[in-house]
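**Q** Each residue of the sequence shown is one higher than the one before, counting from -10 in my numbering.
For the record, the hints were derived by calculation from the structure and aren't laboratory data. These numbers were taken from a predicted model, which means no experiment stands behind them. Mixed in with the good hints there might be a few duds.
As the list claims (entries may be wrong) - 25 Å max Cα-Cα, derived DSS-like pairs, lysine-lysine:
hint	residue 1	residue 2
1	Lys202	Lys219
2	Lys121	Lys164
3	Lys219	Lys242
4	Lys112	Lys64
5	Lys161	Lys106
6	Lys64	Lys219
7	Lys64	Lys229
8	Lys174	Lys164
9	Lys144	Lys112
10	Lys115	Lys156
11	Lys237	Lys64
12	Lys290	Lys202
13	Lys191	Lys164
14	Lys333	Lys380
15	Lys64	Lys29
16	Lys120	Lys164
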Amino acid sequence: MRRMTTLIASFYAGVLLLAASYSEAAEHGMDEKLLSQIPKNLQAIIDRGQSTGMVTLVARNGVIASIDAVGWRIKDKEPLETTDVFWAASITKSFVAVAIMMMVDEGHLQLDDLVEKHIPEFKGQKVKTGKKSSDTAKHPLTIRNLLNHLDGLPKNPTRSRATKSIKERVLKAAKDTLMWEPGTKWNYGGEGLYVAAYLVEKYSDTPYAEFLKTRMLDPLGMKNTYFTIKDVPENRGVWKHSKHKKGKWEAEKLRDFNWSTGGSYFAVDGGFFCTAEDLFPWCQMLLNGGTYGGFRYLSEKSVGELSHKQTGDVNPAGHGVGNFHALAFQEAVEPQGPTAALTKGSFGKGGSGGSMTWVDPHTKTIYIMLQNAWGGDRNLTHSTFLNTTAKAIPPK
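Construct the entire structure; sequences and hints are all you get.
**A** Below is the structure:
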């Protein structure tokens, strides 16, 4: 009798789940037949050896419209599943920008504050003026510079790996000579993001990784986002695939991003591992103007700062023609090439290995693609996914 009750309960739960999926399908308003072409079109790319596999997720009007896995978790051994965990790489960078805007919303700082106002060690920082000459910076670092990649802070990987905390790393960086006047040249990197993360630690009185967990990951329900590969279930971690000159793909287990930190603290610029489904509430919160699940994470003004071009007249200042950096995210100011299917003003973040997220406020659409492939043709995978998905959006 007890087993029969369980079976009946399971049956009705399945009916409700099925009804919910049909309801959601109606809510997203996309063409299901065209959405079904996403895995077929991407599988064709894998069959030609131009990628090894990816998980894609499309959401519109606050509802997941499709989630698909094609290709391999481990090449030619284990196929991908939609619940598999990828190295998020530089998608991690966008979290520090959101954390800083939380500090702005709470009144601790402003984007155009000089860094030295909050970290006195940066006062009087020098800037390079010649091969062997330097002078005090005319335009000292601002907090905005830390997030738009116009900071001019040099990278010193060997020293960074030797430091034991974000604070120690930042206080050493304060003594460095800047490569150029802040705000005058774009150079993609991560040193400014560590300074920003230290500011978050200072004003929240919380270690940066703990801040991310308690203020973002846990409230958003991102239960499959991890700070270290050691916490990723071994049967769900997607391996790194590299294509060699002879055209052969080779797979190897992923490691933590210790190149940046030495493993003593979380890699602000590339340490996360996550699933595509975990990134959905993160992107939806931004698309909603800072709210999700009835809770406000950011003000609408702060989301506007995060998502719109912040590099002035500096050019190039983004990945791909027509794209310009906002605050750790980038904006498709003039969509073209791989991003041609997006509408102007879409914003997102990509990562090494070919992963990317795009949020299109005009069509209320979220595009997520995760892959861990070094080689192949990521522009092709991106454009194929975006173009196929965009066709499923009904014209206005």
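**Q** Look at each hint and say if it fits the structure.
**A** Consistency of the hints with the structure:
{"no.": "1", "hint": "Lys202 <-> Lys219", "verdict": "holds, 17 Å"}
{"no.": "2", "hint": "Lys121 <-> Lys164", "verdict": "holds, 16 Å"}
{"no.": "3", "hint": "Lys219 <-> Lys242", "verdict": "holds, 11 Å"}
{"no.": "4", "hint": "Lys112 <-> Lys64", "verdict": "violated, 51 Å"}
{"no.": "5", "hint": "Lys161 <-> Lys106", "verdict": "holds, 17 Å"}
{"no.": "6", "hint": "Lys64 <-> Lys219", "verdict": "holds, 21 Å"}
{"no.": "7", "hint": "Lys64 <-> Lys229", "verdict": "holds, 9 Å"}
{"no.": "8", "hint": "Lys174 <-> Lys164", "verdict": "holds, 20 Å"}
{"no.": "9", "hint": "Lys144 <-> Lys112", "verdict": "holds, 19 Å"}
{"no.": "10", "hint": "Lys115 <-> Lys156", "verdict": "holds, 20 Å"}
{"no.": "11", "hint": "Lys237 <-> Lys64", "verdict": "holds, 11 Å"}
{"no.": "12", "hint": "Lys290 <-> Lys202", "verdict": "holds, 23 Å"}
{"no.": "13", "hint": "Lys191 <-> Lys164", "verdict": "holds, 19 Å"}
{"no.": "14", "hint": "Lys333 <-> Lys380", "verdict": "holds, 16 Å"}
{"no.": "15", "hint": "Lys64 <-> Lys29", "verdict": "holds, 18 Å"}
{"no.": "16", "hint": "Lys120 <-> Lys164", "verdict": "holds, 18 Å"}
The structure does not agree with numbered hint 4 stated previously, though it agrees with all others.
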